[in-house]
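**Q** Residues per chain are reported as follows:
There are 2 protein chains.
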Amino acid sequence: MKAAQRLLEMAAREGVRACFANPGTSEMHLVAALDAAPSIRPVLCLFEGVATGAADGYGRMTQTPALTLLHLGPGLGNGFANLHNAYRARTPIVSLVGEHATYHRANNPPLASDIAAIARPVSAWLETAETARDLLHAGRRAIAAARRAGPATLILPADVAWSDDEPEPAAPTPDEEHQGIAGVESAVQALGPRTLLLLGGRQLSAEACAIAQRIAAATGALALIETFPARVRREGGGAELKRLPYLSEMAAATLAQVETVILAGAAYPVAFFALPGRPLRLAPKGAQVIELTPAGVNPEMALLALADQLKAPALRSHRPSPPPKPNSDGAIDPMSLAQCIAATLPDNAIVCDESNTAGLFCYDASASSPSHDWLTLTGGSIGQGLPLATGAAIACPDRRVLALEADGSALYTIQALWTQAREQLNVTNVILNNGAYAILRLEMMRAGVNTLSDAANSLFDLRNPAIDFCAIAQGFGVPAQRVATPQALAAALERSYAAAGPSLIEVMLP
Amino acid sequence: MKAAQRLLEMAAREGVRACFANPGTSEMHLVAALDAAPSIRPVLCLFEGVATGAADGYGRMTQTPALTLLHLGPGLGNGFANLHNAYRARTPIVSLVGEHATYHRANNPPLASDIAAIARPVSAWLETAETARDLLHAGRRAIAAARRAGPATLILPADVAWSDDEPEPAAPTPDEEHQGIAGVESAVQALGPRTLLLLGGRQLSAEACAIAQRIAAATGALALIETFPARVRREGGGAELKRLPYLSEMAAATLAQVETVILAGAAYPVAFFALPGRPLRLAPKGAQVIELTPAGVNPEMALLALADQLKAPALRSHRPSPPPKPNSDGAIDPMSLAQCIAATLPDNAIVCDESNTAGLFCYDASASSPSHDWLTLTGGSIGQGLPLATGAAIACPDRRVLALEADGSALYTIQALWTQAREQLNVTNVILNNGAYAILRLEMMRAGVNTLSDAANSLFDLRNPAIDFCAIAQGFGVPAQRVATPQALAAALERSYAAAGPSLIEVMLP
Numbered sequence: 003m004k005a006a007q008r009l010l011e012m013a014a015r016e017g018v019r020a021c022f023a024n025p026g027t028s029e030m031h032l033v034a035a036l037d038a039a040p041s042i043r044p045v046l047c048l049f050e051g052v053a054t055g056a057a058d059g060y061g062r063m064t065q066t067p068a069l070t071l072l073h074l075g076p077g078l079g080n081g082f083a084n085l086h087n088a089y090r091a092r093t094p095i096v097s098l099v100g101e102h103a104t105y106h107r108a109n110n111p112p113l114a115s116d117i118a119a120i121a122r123p124v125s126a127w128l129e130t131a132e133t134a135r136d137l138l139h140a141g142r143r144a145i146a147a148a149r150r151a152g153p154a155t156l157i158l159p160a161d162v163a164w165s166d167d168e169p170e171p172a173a174p175t176p177d178e179e180h181q182g183i184a185g186v187e188s189a190v191q192a193l194g195p196r197t198l199l200l201l202g203g204r205q206l207s208a209e210a211c212a213i214a215q216r217i218a219a220a221t222g223a224l225a226l227i228e229t230f231p232a233r234v235r236r237e238g239g240g241a242e243l244k245r246l247p248y249l250s251e252m253a254a255a256t257l258a259q260v261e262t263v264i265l266a267g268a269a270y271p272v273a274f275f276a277l278p279g280r281p282l283r284l285a286p287k288g289a290q291v292i293e294l295t296p297a298g299v300n301p302e303m304a305l306l307a308l309a310d311q312l313k314a315p316a317l318r319s320h321r322p323s324p325p326p327k328p329n330s331d332g333a334i335d336p337m338s339l340a341q342c343i344a345a346t347l348p349d350n351a352i353v354c355d356e357s358n359t360a361g362l363f364c365y366d367a368s369a370s371s372p373s374h375d376w377l378t379l380t381g382g383s384i385g386q387g388l389p390l391a392t393g394a395a396i397a398c399p400d401r402r403v404l405a406l407e408a409d410g411s412a413l414y415t416i417q418a419l420w421t422q423a424r425e426q427l428n429v430t431n432v433i434l435n436n437g438a439y440a441i442l443r444l445e446m447m448r449a450g451v452n453t454l455s456d457a458a459n460s461l462f463d464l465r466n467p468a469i470d471f472c473a474i475a476q477g478f479g480v481p482a483q484r485v486a487t488p489q490a491l492a493a494a495l496e497r498s499y500a501a502a503g504p505s506l507i508e509v510m511l512p
Numbered sequence: 003m004k005a006a007q008r009l010l011e012m013a014a015r016e017g018v019r020a021c022f023a024n025p026g027t028s029e030m031h032l033v034a035a036l037d038a039a040p041s042i043r044p045v046l047c048l049f050e051g052v053a054t055g056a057a058d059g060y061g062r063m064t065q066t067p068a069l070t071l072l073h074l075g076p077g078l079g080n081g082f083a084n085l086h087n088a089y090r091a092r093t094p095i096v097s098l099v100g101e102h103a104t105y106h107r108a109n110n111p112p113l114a115s116d117i118a119a120i121a122r123p124v125s126a127w128l129e130t131a132e133t134a135r136d137l138l139h140a141g142r143r144a145i146a147a148a149r150r151a152g153p154a155t156l157i158l159p160a161d162v163a164w165s166d167d168e169p170e171p172a173a174p175t176p177d178e179e180h181q182g183i184a185g186v187e188s189a190v191q192a193l194g195p196r197t198l199l200l201l202g203g204r205q206l207s208a209e210a211c212a213i214a215q216r217i218a219a220a221t222g223a224l225a226l227i228e229t230f231p232a233r234v235r236r237e238g239g240g241a242e243l244k245r246l247p248y249l250s251e252m253a254a255a256t257l258a259q260v261e262t263v264i265l266a267g268a269a270y271p272v273a274f275f276a277l278p279g280r281p282l283r284l285a286p287k288g289a290q291v292i293e294l295t296p297a298g299v300n301p302e303m304a305l306l307a308l309a310d311q312l313k314a315p316a317l318r319s320h321r322p323s324p325p326p327k328p329n330s331d332g333a334i335d336p337m338s339l340a341q342c343i344a345a346t347l348p349d350n351a352i353v354c355d356e357s358n359t360a361g362l363f364c365y366d367a368s369a370s371s372p373s374h375d376w377l378t379l380t381g382g383s384i385g386q387g388l389p390l391a392t393g394a395a396i397a398c399p400d401r402r403v404l405a406l407e408a409d410g411s412a413l414y415t416i417q418a419l420w421t422q423a424r425e426q427l428n429v430t431n432v433i434l435n436n437g438a439y440a441i442l443r444l445e446m447m448r449a450g451v452n453t454l455s456d457a458a459n460s461l462f463d464l465r466n467p468a469i470d471f472c473a474i475a476q477g478f479g480v481p482a483q484r485v486a487t488p489q490a491l492a493a494a495l496e497r498s499y500a501a502a503g504p505s506l507i508e509v510m511l512p
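First to last, the protein sequences are chains A and B. Residue numbering for the first sequence follows the working numbering, beginning at 3 and increasing consecutively. Residue numbering for the second sequence follows the working numbering, beginning at 3 and increasing consecutively.
Bound-form chain A, shown alone (with noise of 0.2 Å):
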């Protein structure tokens, strides 16, 4: 038998299910030992960066790793991007980046070059496989550091995958899993008005974040959940929450008055860019620090704890109904917006939010709708959204997946939509057109550059020519239709949720 399909046998049995593919010459034993395994499917992708950003979605979704087969550097350098999101959000994911057979690389052929050196960036876990006797353990410890910290990457020469040696005989994997609850007492002397409580972890559930409202309740202290989660889910009081401001001056006007940071799961916050006379670091100066749960680590133990010894009452269960379904025919605009997906959102759908400026309401406006998870863009580097949904939905395929969309990244990874349509997935991708992208409208002035250059406009222009979402999608096998009332939104939104399979819907902004 081949290493690789002893490979993919072991993966099998250690529970992944999936392997989102843009296989090449290297990666060949590993397609054809696929037919061993098969519990694991796979996903075709016309991109790396859409496996990798699938990967992403659905180990954030199941907290158990996909594979991803990406072909030497430059399939990986393609799949980076969101590597580097997954590698932030710390989600689970097993990628199996071919290489040159070990006794070739010395001949330098066209296609090689460091994958290690371009790995190390965005991975937990970072190993070459130099021998089919050690691949099994090899691999075995991808799947374990997936599963404890984060994107592993196991680099595996075209030899070592056909080779036939026997492998050595297994060691057992040591057990890492921790689940920190220091600092407890700490936060308990230091809870109250002044106090910041700030939420993070790979994903954060509804019980955490209830408790964290109870908390904050009983002792006055602001609960916060960091700006870009990897997952929330927003059922019951906890829906509520709200996120620490992107915008870095907000953010800091936010935490003005705190003189003690609660950091449970979260990171320090910091802005995501420096820019000249603005706040780096957001809470004021001085503020104690107090780590409760380090950052990644689901904080819900270590809540509960805090809870407990603060005897924080349980809150009355208050539950808004959702909003009333906007019936204007004018123009779009980022609180109609809000109000339409807040208004249609299906029981236990899973967001994918990649909306940016357009979006901004999109969260608060949510908390009221039925119970779901939102997934944000935890690394900042765009085209995420919908390669993201696309991994949610093979994850989840009885749960509607809304990919919130800006038209900008959008376009990093539109090739997303070809496997959606070959997977029939129930994605709607709302694309939100406003023919610019106007985050960097908005943040050339916060750079102090007030009046735009004329290279600026043009590099920050999208409408020149219009881009047309709805041919692009049906070129890939989407369906797809175009609004620019709130009234044909929240109707088109309807009809989406309710046909199986993937849609587009291309949301006209002024």
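Treat the hints with care, as some may be off.
Just so you know, same-sequence chains aren't split out, so a pair can sit in one copy or run between any two.
What the hints assert, rightly or not - Here are the simulated lysine to aspartate or glutamate pairs, DMTMM-like style, with alpha carbons at most 25 Å apart: (1) K287 with D161; (2) K313 with D37; (3) K327 with E237; (4) K4 with D456.
In case anyone wonders, no lab produced these hints; they're calculated from the structure.
With chain A held as given, fit chain B onto it using these hints.
**A** Below, chain B without anything else, positioned relative to chain A:
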């Protein structure tokens, strides 16, 4: 004056005329400074892989570096694959990669990663500008290195870009230009019927090809061009020179009688991939190797010296006329495709060839077409053709560019069509739609897997659903039509060549 502005003004003085940009917040000051350097044309690309591929096409045609503007590590990652091709082609390019402000890096904001690590495998030169005082000199070093050796990467922290600090006085840039003509004596001794003269270099001139033909005729040597040359000028008798075959077994058979390999700007020929039982180093074991000019150096002068010493007589020019247009209304096959291309190619065209399996015969068939340049996939990283054509058309606005593009490869960077529409570039995009990653079917057989598994059949297929390239092109603003017969293809090519601006022809292959 800001450092970013000084940098761009210097680049303009040094002859830089184009900037392929996909900017983000960390590049705002570079964008703002572009107005101060009006001789640099900003060209917006919807994806970084388009920007880097376009810079490659531009640099191959002008031998002058264009700039790319890329957004931190993920933006560079998106551009990596086509920088890999450019690195292998040694194309002059200066990539300006924005980075977080120097004083913000330690805060590890969401978009932070090790940019230099990603850049190193595709950079002939790499620096991070740590101070505005040195930025101008670093920029000069980057431009000089790009001209000399290939892609240069300058990582530019945002606060360095926006600094008002005066630069240090200029130091002269050392001129390291070299043109090797060593090895002429040994080559003269070795040339004979069992000698391979293998041509390569950054650009292979018509003269170099013609001289190689003369040498081959005088000595009985086998003159070939490397498998994937960066650029070949085909004009006169030298246009008939063949390229070393891609398939390693065919290449090895071609070279079976060779006892001496003379490398004239080419690297020693090796297999693209190692496969079980297939040859790796393509000349027979024990063959003597003589380096006439180092890999990547244009061999024209050394070939001329060689021909002079050999007193190789001039060849009679006997340029055959191009083949007649095929007039069949049957299906299009690789041979009739090649005839259509060869019969209609306009004078002085630029062919960007990423046609993979379907376009196998196009190069040889076009030997008798009017003079043209032929650019190939130097690094094997697919998704190059449409961006390459885009950049070549910016470089040479008065020439027709023909992109010969495989369907699977086209889908990696299909967004290039939009830049072609926006800039109204004279590009004819021919998409060869066989509904498959056909090359992978071939490679799997070559890898010794003779029956395609279910997973392989599925992962190599692009017909479920069929991709409508005409719809996608129209979505990006490029007029398109579909053809299925040689007759219709020839007519469509002629119509496209006669009309200004871009168009797309979707060629349906059985």
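**Q** Against this structure, judge whether each hint is valid.
**A** Results of checking the hints against the structure:
1. Taking the shortest alpha-carbon separations for K287 and D161, only the inter-copy value of 22 Å comes in at or below 25 Å, while the best intra-copy value is 56 Å.
2. Taking the closest pair of Cα atoms, K313 and D37 never come within 25 Å of each other, the shortest separation being 55 Å inside a single copy and 62 Å across copies.
3. Taking the closest pair of Cα atoms, K327 and E237 come within 25 Å of each other only inside a single copy of the chain (21 Å); across copies the shortest separation is 68 Å, beyond that limit.
4. In this assembly of identical chains, the alpha carbons of K4 and D456 lie at most 25 Å apart only when taken from different copies (18 Å versus 59 Å within one copy).
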